[in-house]
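Q: Now for the letters of each chain:
Number of protein chains: 2
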Amino acid sequence: MRDVFLRACRGEEVEYTPIWIMRQAGRYLPEYQQVRSRVDFLTLCKTPELAAEVTLQPVRRLGVDAAILFSDILIPVEPMGMKLRFYERKGPVLSRPIRRGRDLRRLRLIEPEKDVPFVLETIRILRRRLKRAVPLIGFSGAPFTLATYMIEGGTSKNFTHTKRMLFSEPEVFHQLMEIITNNTILYLRAQVRAGAQALQLFDSWAGALSPEDYRSFSRPYVQKVIEALRETGVPIIYFANGCAGLLDEIKALPADVFGVDWRVDLGRAITRLGRHRVVQGNLDPAALFADMKVLREKVASILRKGRRARGHIFNLGHGILPETSPDVARALVEMVHELSRR
Amino acid sequence: MRDVFLRACRGEEVEYTPIWIMRQAGRYLPEYQQVRSRVDFLTLCKTPELAAEVTLQPVRRLGVDAAILFSDILIPVEPMGMKLRFYERKGPVLSRPIRRGRDLRRLRLIEPEKDVPFVLETIRILRRRLKRAVPLIGFSGAPFTLATYMIEGGTSKNFTHTKRMLFSEPEVFHQLMEIITNNTILYLRAQVRAGAQALQLFDSWAGALSPEDYRSFSRPYVQKVIEALRETGVPIIYFANGCAGLLDEIKALPADVFGVDWRVDLGRAITRLGRHRVVQGNLDPAALFADMKVLREKVASILRKGRRARGHIFNLGHGILPETSPDVARALVEMVHELSRR
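Protein sequence lines correspond, in order, to chains A and B. Under the working numbering, think of the first position of the first sequence as 34, with each following residue one higher. Under the working numbering, think of the first position of the second sequence as 34, with each following residue one higher.
One thing to keep in mind: the hints can contain errors.
Repeated chains share a single entry, so a pair holds when one copy, or any two copies, can fit it.
Pairs of lysine to aspartate or glutamate, EDC-like flavour, derived with a Cα cap of 20 Å [as the list claims (entries may be wrong)]:
1. K326 x E204
2. K190 x E121
3. K338 x D281
4. K164 x E154
5. K164 x E111
6. K257 x E204
7. K326 x E245
8. K257 x E282
9. K190 x E371
10. K116 x D148
11. K257 x D136
12. K116 x D105
13. K190 x E64
14. K326 x E202
15. K326 x D73
Hints listed in this document are in silico derivations from the structure and should not be mistaken for laboratory results.
Start from the sequences and build out the full structure, keeping to the hints where you can.
A: And the structure:
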């Protein structure tokens, strides 16, 4: 197996900078579109053969150094006790959102092998098929991010309901976070048992919190998840989107790798997080619309900054955009490999 | 006139911390809703008597230390040569967006007295009515932010078209920015001539750029606007939303006041911008959903941090949310005044 990604996660010497791409299995790939033309998004997530197939598509086409399980962060929320639907334009909808203390009674601890067997089966299939290829990353949403969906009932612009709860019923919010955290631990442990070789925690909405509130309402639960997963031995990547104002908070977390979005300078992020850290990121996804010369300069600049850290895994600073050309994505992977080779 | 706001802008000694609230004239006020029930948004912007009336509403009800012209950042874009419409849910739409070099030929320099007389008349009415009350802030969008609307044709999530232009046709983008910058200067000069006593530049989408791209594509034009407005003698506030990753870039700008959103710690922002600066901000708008005790703690914490700067103007870190209670907004104003008084 090409294990350069795993070695970079552990801060070991690597012969070139590994790269994978957030949302690398997705709408920008015609072969993904083809699968999706036959099944809806949720069915795709729940059908191991198909989920494994789309997971492998970018590994084949782009030559990335890691595969990431095709799934959605809301998948474990359904067995926790909420009804999940996906709409083409509106995105995910969780009916009967959590708004007050008594709503918590509807939530329960999941039993991954029983409740999300399709996720674990997808991982098992992938490990067999990836044997001589690249490592497989499992993932989940970070507790705060999952909480926002459960409270808002879907995506949100201002997180009005979530913050109303944070600021006026913090004890209810903390109870909810305990439940989500315990579920997240169970879910990720099961992924590792099934074969996930690294884990990424997506804190997609952490950036909506002030640093003070992040310290109170998100970080303690991320910490708990990471500590509980420590014993599995797999590297843990923590990606807080919109992290520029939170770096001084984030650096206290015991993650192996810190994902950085594109709205912060990678060199400065490394200074703030500490040069002994391994970082992941952080090209603006829209840079893939650039001509090759501009793209190359941007990639070289990020690689140069990344060398200041103990380790660097190249990635976009957020998910790849649906309008991206697969050829440019492939060129990016080659460019990162070529420019980072000593 | 209660000029504590203007003195704070200039870094002078003040007896208490002045406060105004972004979007203080808006949907959360029943008296605003009442006006809007009679006219649509664009008509409201274009009818001086009504625009002046809604500008004054929060001055009366909340006791804020400054009024801000009721208008929209896209108002000057229409006479620049684009058709503007507002839709209740979708927001602003500019038809025939700017996508390539030849589209620039449709744009022209505005003549504010002829093209936006209603804005200037609103300012004149307000200055008469505000005589013994508080100063009046004029405003415009910062060039980059206006450019995103003109290129995307409205609000955007990923700024795909804008970034495509930035990265593949930068010379077209820079030409567009020159046109917008020159118009912005004409527009703001006219506002000052009509009576605006301070100016705020809203760079609402600056935070979508990487620091490197912000340096190339937004900052030079903000600098040009500020320098051109210098001669008017009115203080200039620059508010870049999502500024956490851009503070090291922003600090080079010759603004009088630096607006800071809530996703960065105000104390750290002051350290980065320089303690000789005047800052404005930065309570999370959703903190107005908190109970009074929590709100009070948050306000006290921001005031404490603000004291580290040469001057501090209290504000929310973004526009007030439509769900906010006017009574809580009023309590916030009183709280800021009370807690900051020596």
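Q: Does each hint hold? Answer for all of them.
A: Now the hints, each set against the structure:
Only between protomers do K326 and E204 lie at most 20 Å apart by alpha-carbon distance; the minimum there is 15 Å, versus 53 Å within a single protomer. Taking the closest pair of Cα atoms, K190 and E121 come within 20 Å of each other both inside a single copy (18 Å) and across two copies (16 Å). Proximity of K338 and D281 under a CA criterion of 20 Å is satisfied in both settings, with 19 Å inside one chain copy and 16 Å between copies. In this assembly of identical chains, K164 and E154 lie within 20 Å of each other by CA distance solely inside one copy; the values are 16 Å within and 73 Å between copies.
Proximity of K164 and E111 under a CA criterion of 20 Å is satisfied in neither setting, with 31 Å inside one chain copy and 59 Å between copies. In this assembly of identical chains, the alpha carbons of K257 and E204 lie at most 20 Å apart only when taken from the same copy (18 Å versus 50 Å across copies). For the identical chains of this complex, K326 and E245 are inter-copy neighbours only, at 16 Å across copies versus 41 Å inside a copy, given an alpha-carbon limit of 20 Å. In this homomeric assembly, K257 and E282 come within 20 Å of each other (Cα to Cα) only inside a single copy, at 15 Å, whereas the closest approach across copies is 36 Å.
Neither within a single protomer nor between protomers do K190 and E371 lie at most 20 Å apart by alpha-carbon distance, with minima of 40 Å and 32 Å respectively. Taking the closest pair of Cα atoms, K116 and D148 come within 20 Å of each other only inside a single copy of the chain (13 Å); across copies the shortest separation is 53 Å, beyond that limit. Proximity of K257 to D136 under the C-alpha cut-off of 20 Å is found in neither arrangement, the shortest distances being 24 Å within a copy and 54 Å between copies. Proximity of K116 to D105 under the C-alpha cut-off of 20 Å is restricted to the intra-copy arrangement: shortest distance 14 Å within a copy versus 40 Å between copies.
For the homomeric pair K190 and E64, neither the shortest alpha-carbon distance inside one copy (32 Å) nor that between copies (25 Å) is at most 20 Å. When the C-alpha separation of K326 and E202 is checked against a cutoff of 20 Å, the pair qualifies only between copies, where the shortest distance is 12 Å, while the shortest distance within a copy is 52 Å. Proximity of K326 and D73 under a CA criterion of 20 Å is satisfied in neither setting, with 38 Å inside one chain copy and 47 Å between copies.
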